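Sequence order for the protein chains is A and B.
Heads up: take any position in the first sequence, counting from 1, add 1, and you land on our numbering.
Heads up: take any position in the second sequence, counting from 1, add 2, and you land on our numbering.
None of these hints come from the bench; they were simulated from the model.
Nothing here was measured: the structure is a model prediction, and the numbers come from that model.
The reader is advised that the hints may include incorrect statements.
[As the list claims (entries may be wrong)] Some chain B residues judged to face chain A by a derived CB distance under 7 Å, without partners named: (1) Ser-18; (2) Asp-22; (3) His-24; (4) Asp-25; (5) Arg-26; (6) Ala-30; (7) Asp-33; (8) Ile-51; (9) Met-56; (10) Asp-58; (11) Ile-90; (12) Thr-91.
Yeah, the Cβ is synthetic: ideal placement off N, Cα and C, and Gly gets one too.
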Amino acid sequence: MAPKTDRIPLLTSEDIVNVRQMVRSIAVELGFSLVDQTKFVTAASEIARNTVIYGGGGWASIEIIAREGRKGLRVTFEDQGPGIADIDQALKDGFTTGSGLGLGLGGAKRLVNDFNIESKPGLGTRITIARWKS
Amino acid sequence: MERIPILKIGRLLLVSIQVDMHDRLAIALQDDLTERIALTGANGVIIDISALEMVDSFIGRMLSNIAGMSKLLGADTVVAGMRPSVAITLVELGLSLKGVRTALSLERAIELLGIADPESEPADGAQD
Chain A
2 MAPKTDRIPL LTSEDIVNVR QMVRSIAVEL GFSLVDQTKF VTAASEIARN TVIYGGGGWA
62 SIEIIAREGR KGLRVTFEDQ GPGIADIDQA LKDGFTTGSG LGLGLGGAKR LVNDFNIESK
122 PGLGTRITIA RWKS
Chain B
3 MERIPILKIG RLLLVSIQVD MHDRLAIALQ DDLTERIALT GANGVIIDIS ALEMVDSFIG
63 RMLSNIAGMS KLLGADTVVA GMRPSVAITL VELGLSLKGV RTALSLERAI ELLGIADPES
123 EPADGAQD
């Protein structure tokens, strides 16, 4: 596959399923172990839902990355929603401003190797997650 | 809209989730199942998730909700067949599915609910 996918829309709950299935198929292609696939797909699902529910919709893109001969997978989620005012608080377990359990971001962070979040109140949020093949 | 089928066997309701559920489908299952428990007077619910390749916080919450709601309606719920990779991921995610009984397989779930195994001897098959 190409190193980076086009932007995949994230507007509905079906789109969340679509993104996690795409992430899984690329993780399988890269030879991720079953546990690594599951962790990464679950993290992607959590963040994708965050984009749909809190970001008011957005998009995701998936790319294959390489560092020192190791391959990995990175997914970027972007929205132009209200943004996150207090990122540290948003990453705490139990924090939610919506109907979720509040495990989304903090839980997803534990399932990946790299987690990056940039957010500007009123302008939107960009979250990047990556996992390296073990 | 598509629906997850709910099978009735005596006083047991059996659901086998065979698709990657989107959130609205999960909510529909929760609603349908509580309605069916009330309608049929079922006292046991088994949800087979052996085909699920992942359970995220939304699906996990749906499973907890079903267990809680069916308890209030007089039915015990057992979630059966969770894959080991899913269990590892759920724990790391921080979701322990409190209040949800689980079993490794459908057979174990049936045992756990105390439903007589048709193949067992009547003498040692006495159940409460």
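Outcome of the hint check:
no.	hint	result
1	Ser-18	violated (18 Å)
2	Asp-22	holds (5 Å)
3	His-24	holds (4 Å)
4	Asp-25	holds (4 Å)
5	Arg-26	holds (5 Å)
6	Ala-30	violated (11 Å)
7	Asp-33	violated (15 Å)
8	Ile-51	violated (13 Å)
9	Met-56	holds (5 Å)
10	Asp-58	holds (4 Å)
11	Ile-90	holds (6 Å)
12	Thr-91	holds (5 Å)
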